[in-house]
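A.B. asks: Top to bottom, those sequences are chains A and B. Start counting the first sequence at 1; every next residue gets the next number (this note's numbering). Start counting the second sequence at 1; every next residue gets the next number (this note's numbering).
It should be emphasised that the hints constitute simulated quantities derived from the structure, not laboratory data. Note that the structure is a prediction, hence the values are computed from the model and not measured. A couple of the hints might just be wrong.
Below, simulated DSSO-like cross-link-like pairs (lysine-lysine); rule was C-alpha separation at most 27 Å, straight line [what the hints assert, rightly or not]: (1) LYS42(A) with LYS26(B); (2) LYS26(B) with LYS103(A); (3) LYS59(A) with LYS103(A); (4) LYS42(A) with LYS59(A); (5) LYS57(A) with LYS68(A); (6) LYS59(A) with LYS26(B).
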Amino acid sequence: EDQVTQSPEALRLQEGESSSLNCSYTVSGLRGLFWYRQDPGKGPEFLFTLYSAGEEKEKERLKATLTKKESFLHITAPKPEDSATYLCAVRTGGGADGLTFGKGTHLIIQP
Amino acid sequence: DAGVTQSPTHLIKTRGQQVTLRCSPKSGHDTVSWYQQALGQGPQFIFQYYEEEERQRGNFPDRFSGHQFPNYSSELNVNALLLGDSALYLCASSLWGAGGDTQYFGPGTRLTVL
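Using the sequences and the hints given, assemble the complete structure.
C.D. replies: Here it is as structure tokens:
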């Protein structure tokens with residue numbers, strides 16, 4: 001059974017204090033790892049897709065990396081507007097299959 | 001470019017009732033997936049529709065059923081509602097086939113069962 005574990009569950013940072021969120025996975029045949037951002041009461045907003053170990057993607061203050069067992073979402077010099085829940089998900093089948101999500105990391109950036 | 005839309009935004013039902021939720025996919029997308037998200041949890045996959053057929057199903061009972069229309073829009077039906085069905089129901093759209101696997105989510109429908 002595919003499993004996705006995110007840590008920490010919650011993280012509180014000061015504005016400008018860089019950190020990393022972790023997503024570890026146990027799957028049979030990874031076909032894609034996805035990062036989403038979710039604001040309270042809203043749908044997840046797509047951030048990145050990673051396909052193979054060693055791949056990296058960046059967007060503004062966020063950078064996602066992938067190894068054979070885990071992915072990291074690095075946040076550099078965060079701002080209060082980066083406060084949200086960050087979700088990691090994996091796709092393991094052929095075609096456009098359902099995603100398996102972790103429980104998310106609730107990130108709070110204090111001014 | 002219109003994104004994924006869902007209706008209604010909020011819904012309150014009582015135990016035993018039936019509910020229908022609706023989703024219109026992002027322009028150009030042909031595949032719709034439905035997810036249930038309980039408070040404090042990640043979304044859980046219910047099922048996926050492509051070419052008006054259910055293509056894959058998660059670990060949900062038969063009380064959960066769906067439909068996809070020729071214009072790619074979709075409905076999620078839940079019968080015999082239980083208190084535990086209270087959740088945010090999310091619809092995601094994508095393009096079937098290689099290269100189109102990123103799923104884009106709608107704003108969700110908040111269902112409360114009393």
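A.B. asks: Each of the hints needs a verdict: does it hold here or not?
C.D. replies: For each hint, the structure was consulted:
no.: 1; hint: LYS42(A) with LYS26(B); in the structure: 17 Å, holds
no.: 2; hint: LYS26(B) with LYS103(A); in the structure: 26 Å, holds
no.: 3; hint: LYS59(A) with LYS103(A); in the structure: 23 Å, holds
no.: 4; hint: LYS42(A) with LYS59(A); in the structure: 21 Å, holds
no.: 5; hint: LYS57(A) with LYS68(A); in the structure: 16 Å, holds
no.: 6; hint: LYS59(A) with LYS26(B); in the structure: 22 Å, holds
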